[in-house]
Amino acid sequence: MCRSKAVYFTEEDDNMIIKLMKTYGKFTNRFVIINGLMNEKFTNSQISERWRNYLNPELCKEDLGYYEKVIIDDKVQKILVTSVKIRWREVIRELLRLFGKLYSENKIKNYWNLKYRNKMKKDLKNDAKKETKPKSCSSKYSKGKEGKERRKERTVRVLIMMGVPKYTNIISIRNKKPETYMSDERSK
Numbered sequence: 001m002c003r004s005k006a007v008y009f010t011e012e013d014d015n016m017i018i019k020l021m022k023t024y025g026k027f028t029n030r031f032v033i034i035n036g037l038m039n040e041k042f043t044n045s046q047i048s049e050r051w052r053n054y055l056n057p058e059l060c061k062e063d064l065g066y067y068e069k070v071i072i073d074d075k076v077q078k079i080l081v082t083s084v085k086i087r088w089r090e091v092i093r094e095l096l097r098l099f100g101k102l103y104s105e106n107k108i109k110n111y112w113n114l115k116y117r118n119k120m121k122k123d124l125k126n127d128a129k130k131e132t133k134p135k136s137c138s139s140k141y142s143k144g145k146e147g148k149e150r151r152k153e154r155t156v157r158v159l160i161m162m163g164v165p166k167y168t169n170i171i172s173i174r175n176k177k178p179e180t181y182m183s184d185e186r187s188k
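Residue 54 in UniProt numbering sits at position 54 of the sequence shown, with consecutive numbering throughout.
Simulated from the structure, these hints should not be mistaken for laboratory data.
Beta carbons are placed, not taken as given, at the ideal position from N, Cα and C, and that holds for glycine.
Mixed in with the good hints there might be a few duds.
Unchecked claim - Calculated pairs, BS3-like style, for lysine-lysine (alpha carbon to alpha carbon, straight line, at most 25 Å):
id	residue 1	residue 2
1	69	101
2	107	119
3	122	107
4	121	109
5	19	41
6	122	61
7	109	119
8	78	22
9	101	22
10	101	85
11	125	115
12	61	125
13	122	109
14	101	78
15	130	119
16	130	107
17	129	148
18	61	115
19	85	26
20	119	78
21	78	109
22	115	26
23	122	85
24	107	78
25	107	61
26	107	22
27	69	19
Said to hold, decoys possible - Pairwise CB distance ranges, derived in the manner of DEER restraints:
id	residue 1	residue 2	range
28	39	69	20 to 28 Å
29	123	62	26 to 34 Å
30	36	102	24 to 32 Å
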């Protein structure tokens with residue numbers, strides 16, 4: 001299948017679309033009419049997309065705020081529970097209803113796809129780390145019982161080296177018995 005040539009809108013084309021949308025914007029088949037008036041230079045969907053993502057004067061040109069991003073994340077997660085396809089129109093309507101700002105579909109998609117791609121990269125890195133890590137970790141800083149015992153033993157040694165005069169009920173890791181360490185016993 002051959003890929004079609006890229007379509008470039010000139011400033012003149014953009015101005016023509018804006019002017020014609022003021023006149024025919026209320027019609028349901030407005031993009032068909034505009035396409036005919038522009039001598040079919042572009043397809044209906046190209047004109048529609050250009051209007052929705054760039055030319056509509058009601059579009060908010062600001063970056064997405066924190067709360068907008070939270071709403072996008074929440075809404076997309078809710079949509080993905082019931083459907084495989086994300087319905088971006090619903091997300092746009094929700095943002096318009098809550099914040100009174102009309103964001104372009106491209107801006108919302110770009111935010112979501114970038115976040116999703118970064119999350120996938122992070123997950124892949126974490127999976128790779130888990131696969132390379134041996135099952136039985138022999139590191140002295142491991143998180144299992146052995147590591148816990150080593151940390152306790154190290155704490156006892158540090159307290160002895162610091163010369164803490166008296167402390168009781170410290171479990172000796174090697175003997176697994178409670179012992180009392182006294183400062184005079186250390187001097188022996």
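Comparing the hints with the structure gives:
1. Our distance criterion of 25 Å between C-alpha atoms is met by residue 69 and residue 101, whose separation comes to about 13 Å.
2. For the hint linking residue 107 to residue 119, the alpha-carbon distance of about 18 Å falls within 25 Å, and the restraint holds.
3. Taking the CA atoms of residue 122 and residue 107, the gap is near 23 Å; set against the 25 Å cutoff, the hint holds.
4. For the hint linking residue 121 to residue 109, the alpha-carbon distance of about 18 Å falls within 25 Å, and the restraint holds.
5. This hinted pair checks out: residue 19 and residue 41 have alpha carbons roughly 16 Å apart, not beyond 25 Å.
6. Taking the CA atoms of residue 122 and residue 61, the gap is about 30 Å. The hint is violated against a cut of 25 Å.
7. Only pairs whose Cα atoms come within 25 Å are accepted, and residue 109 paired with residue 119 is accepted, the gap being roughly 15 Å.
8. Restraint check for residue 78 and residue 22: the C-alpha separation of about 36 Å exceeds 25 Å, so the hint is violated.
9. Proximity of residue 101 to residue 22 is assessed by CA-CA distance (about 20 Å); at most 25 Å being required, the pair is judged to hold.
10. Under the criterion of a C-alpha separation no larger than 25 Å, the hint pairing residue 101 with residue 85 is consistent with the structure, at around 24 Å.
11. Only pairs whose Cα atoms come within 25 Å are accepted, and residue 125 paired with residue 115 is accepted, the gap being roughly 15 Å.
12. About 35 Å separates the Cα atoms of residue 61 and residue 125, which puts this hinted pair outside 25 Å; it is violated.
13. Restraint check: the Cα-Cα separation between residue 122 and residue 109 comes to about 20 Å, which is no more than 25 Å; the hinted pair holds.
14. The hinted pair formed by residue 101 and residue 78 meets the criterion: a straight-line CA distance of about 21 Å does not exceed 25 Å.
15. For the given pair, residue 130 sits about 16 Å from residue 119 by alpha-carbon distance, which is consistent with the 25 Å threshold.
16. Of the pairs offered as hints, the one joining residue 130 and residue 107 is violated, with about 35 Å between alpha carbons and a cut-off of 25 Å exceeded.
17. Proposed proximity of residue 129 and residue 148 is supported: the alpha carbons are some 23 Å apart, at most 25 Å.
18. For the hint pairing residue 61 with residue 115, the CA-to-CA distance comes to about 20 Å; that is within 25 Å, so the pair holds.
19. Pair hint residue 85 plus residue 26 does not hold up; C-alpha atoms about 29 Å apart against a cutoff of 25 Å.
20. For the given pair, residue 119 sits about 18 Å from residue 78 by alpha-carbon distance, which is consistent with the 25 Å threshold.
21. Pair hint residue 78 plus residue 109 holds up; C-alpha atoms about 16 Å apart against a cutoff of 25 Å.
22. At roughly 36 Å between alpha-carbon atoms, residue 115 and residue 26 are farther apart than 25 Å, so this suggested pair is violated.
23. Restraint check: the Cα-Cα separation between residue 122 and residue 85 comes to about 23 Å, which is no more than 25 Å; the hinted pair holds.
24. A C-alpha spacing of about 19 Å is found between residue 107 and residue 78, which places the hinted pair at or below 25 Å, so the restraint holds.
25. Using a Cα cut-off of 25 Å, the hinted pair residue 107 and residue 61 holds, with the two alpha carbons roughly 9 Å apart.
26. Pair hint residue 107 plus residue 22 holds up; C-alpha atoms about 24 Å apart against a cutoff of 25 Å.
27. Straight-line distance between C-alpha atoms of residue 69 and residue 19 comes to about 33 Å, which puts the hinted pair past the 25 Å bound.
28. Here the CB-CB span from residue 39 to residue 69 is close to 42 Å, at odds with the stated 20 to 28 Å.
29. Roughly 31 Å separates the CB atoms of residue 123 and residue 62, a value that falls within the hinted 26 to 34 Å.
30. One distance hint, 24 to 32 Å for the beta-carbon pair residue 36 and residue 102, holds here, with the actual separation near 27 Å.
The structure is inconsistent with the numbered hints 6, 8, 12, 16, 19, 22, 27 and 28, although it conforms to all the rest.
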